[in-house]
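Asker: Protein sequence lines correspond, in order, to chains A and B. Okay, so the first sequence: first residue is 49 according to the working numbering, each after it adds one. Okay, so the second sequence: first residue is 6 according to the working numbering, each after it adds one.
FYI, nobody ran anything at the bench for these hints, they're computed from the structure. Just to be clear, a hint being listed does not mean it is correct.
A short list of chain A residues far from chain B (calculated; beta carbon distances all over 12 Å) [as the list claims (entries may be wrong)]: (1) Gly80; (2) Glu90; (3) Thr97; (4) Pro113; (5) Ser131; (6) Ala133; (7) Asn141; (8) Val145; (9) His153.
To give a feel for the contact side, a few chain B residues facing chain A, derived at Cβ under 10 Å [stated by the list, open to error]: (10) Gly72; (11) Gly75; (12) Gln78; (13) His145; (14) Leu192; (15) Phe227; (16) Thr242.
Simulated restraints on C-beta separations [what the hints assert, rightly or not]: (17) B:Ala89 to A:Thr88: 34 to 40 Å; (18) B:Arg115 to A:Leu186: 26 to 32 Å; (19) B:Ala89 to A:Thr97: 28 to 34 Å; (20) B:Pro219 to A:Asp187: 21 to 27 Å; (21) B:Met57 to A:Thr88: 27 to 33 Å; (22) A:Val150 to B:Val156: 57 to 63 Å.
Because the structure is a prediction, the values reported are computed rather than measured. Each residue gets a CB set at the ideal place from its N, CA and C atoms; glycine is no exception.
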Amino acid sequence: MAGLVFAWLAHASVHQDGYDDPTDTHVTLVDGLWHDDTLTPEHGWNRYTYVAASSGYVAVQMRGPRDEATLWSYLRVVDGSHSWAAVGNRKTNVCEVIVHVVRGHRYEVIATSQRSATLPRGERQTTEGAYTIGVVPLDLP
Amino acid sequence: MRMAWVLTVITACSSTTHDRPAPPGEPPAPHRIMVEANDVAILYPPGGAGIMAAELVPRALYERAFGSEGALQLGGTPAAPPLAALHLVAIRIDPQREQLRLVFQPAGERDDAVHVFFALDPGEARALAESVAALRGDAHLGPLAPHPLLVRDGVTGPFGRGLAAQIRRHAPAARLARITVFTSSGLGTAWNFFGVDVAAGGAITPMAIPTLPPDTRLEAFFAGFVDGELTGDAPFTPESTALPARDDLRILASRDRLARATPAARDQALAAAARIEDPRVHTPETIDCASCHVAHLVQTRGALDLHMFGYSHGRPSIQPRTIREVADSVAALNDPDLRSH
């Protein structure tokens, strides 16, 4: 019984976000390097791993083509029960989440699109298109 | 202006056909064809040579070097281009290094390139260059450009067929010495450089990149997301900690860093870019890949073309450093004190 309740709660929490299950890309992002990928409706959102090389602030960035109306960048960085998210700038289609990271700690980075949100009548918007994602260490005072 | 001057020098050097006069009482030396720029740096017309990398590079070796087809590189940067997709687009004959370099690029939109280096025997580069020069007969080819005879007659014309035979003869797999790869990511705003050295017998080691930490296997350059401006910050990954100031052009590659720099720092960075573009100052053994490939870009702030000799989005790409290297090769080959016989 408890298991059923837990499963229902887990299911409900997924629906609150309105996303499909993530597709694990098995890509570990590295500071300063850019990974190109594509979002398709069939694959939902894409999940990456980032292991901080040093402690400090990093800017996790995602950028889609500016003229591609089917993909507006939308990022989430997850550290256990904490997460940070942001949507892309409408002019640049660059999404940036600045996070303080701890050396050696592992973070999940999830790339998706505002277009993957659930519409008021329960319909799904489609997410489709190329984007690039990277982690940029910041030298903040 | 400087590029035009270099082109003029090459054209002038290569159109000279005299040999050293025979000493009094001796018969004149037999006529020899003087080597020209397009004899040692051959750029095929768009579409390439009709020679595929898979014909010259063993697939097993390529996969040992860069992983199986589609295997992403460090940080999810793009895989090395599939061997089967690589067309020969350019040839470099380097008498100073006794080296034959073949430039391959994939057909299509990707802005990638693979350079394959073959070690030549002493004197072989000269012999190969003279053979290529002999193939064109008395034609003069002018400044470095897509090879005029290949443009006129196609790759299946007499010159194209003869050239292909020479390449196949001098580029057996047993002479493979190095393979370097250049891929684009960041939706066309970043470039990744990596490579391997190939020892006799086929053993592979990652290529060391000068000025970067010894365990560096890949260097990247990020131009930033603002069209027409260099806004990547940091533009170079990893950042060198060993570049002397006289060779450090990095502030030129970042709009914001450049805006904050003093006039003296800007001048020093411009001087560094000029040094890096000079093959008599820097070689692939003394400067990192990205600094060399962006040295012209950071001065001109023009189109994002990082190819040294090949094609960038279908347009011929010939960097000033390449022109200088070729001028030095031509000068060395035509020096009567160094020529054979």
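Asker: For every hint, state whether the structure bears it out.
Answerer: A quick look at each hint next to the structure:
Taking the minimum C-beta to C-beta distance to chain B, about 3 Å, the non-interface status of glycine 80 (chain A) is violated against the 12 Å cut. Here glutamate 90 (chain A) stays apart from chain B, with its beta-carbon at least about 19 Å from theirs, past the 12 Å limit. Against the 12 Å criterion, threonine 97 (chain A) falls within the reach of chain B, whose nearest CB is about 10 Å from its own CB. Not every C-beta of chain B lies more than 12 Å from that of proline 113 (chain A), the closest at about 7 Å, which undercuts listing it as non-interface.
Residue placement check: serine 131 (chain A) keeps its beta carbon more than 12 Å from all beta carbons of chain B (closest about 21 Å). With a least beta-carbon separation of about 20 Å from chain B, alanine 133 (chain A) lies farther than 12 Å from that chain, consistent with its non-interface assignment. A cut-off of 12 Å between C-beta atoms contradicts the statement that asparagine 141 (chain A) is not in contact with chain B; the least separation is 9 Å. With a least CB separation of 16 Å from chain B, valine 145 (chain A) remains clear of the 12 Å interface cut-off, as annotated.
With a least CB separation of 17 Å from chain B, histidine 153 (chain A) remains clear of the 12 Å interface cut-off, as annotated. A distance limit of 10 Å between C-beta atoms decides the matter here; for glycine 72 (chain B) the minimum to chain A is near 14 Å, and the interface restraint is violated. Contact between glycine 75 (chain B) and chain A, as hinted, is not supported at the beta carbon level, the nearest pair being about 13 Å apart and thus beyond 10 Å. This hint holds: glutamine 78 (chain B) has a C-beta 9 Å from the nearest C-beta of chain A, less than the 10 Å allowed.
Given hint, histidine 145 (chain B) at the interface with chain A, is violated; its Cβ is 45 Å from that chain's nearest Cβ, farther than 10 Å. Interface hint status for leucine 192 (chain B): upheld, as the beta-carbon distance to the closest one in chain A is roughly 5 Å, under 10 Å. The restraint placing phenylalanine 227 (chain B) at the interface with chain A holds, with a minimum CB-CB distance near 7 Å, inside the 10 Å limit. The interface hint given for threonine 242 (chain B) is met, as the beta carbon of that residue sits about 3 Å from the closest beta carbon of chain A, less than 10 Å.
Take alanine 89 (chain B) and threonine 88 (chain A): their Cβ atoms lie about 26 Å apart, and the range 34 to 40 Å is violated. Under the hint 26 to 32 Å, the C-beta atoms of arginine 115 (chain B) and leucine 186 (chain A), about 31 Å apart, fit the expected range. A hinted range of 28 to 34 Å for the beta carbons of alanine 89 (chain B) and threonine 97 (chain A) is consistent with their spacing of about 31 Å. Between proline 219 (chain B) and aspartate 187 (chain A) the C-beta distance comes to about 24 Å, which sits within the given range of 21 to 27 Å.
Roughly 31 Å separates the CB atoms of methionine 57 (chain B) and threonine 88 (chain A), a value that falls within the hinted 27 to 33 Å. Here the CB-CB span from valine 150 (chain A) to valine 156 (chain B) is close to 59 Å, well matched to the stated 57 to 63 Å.
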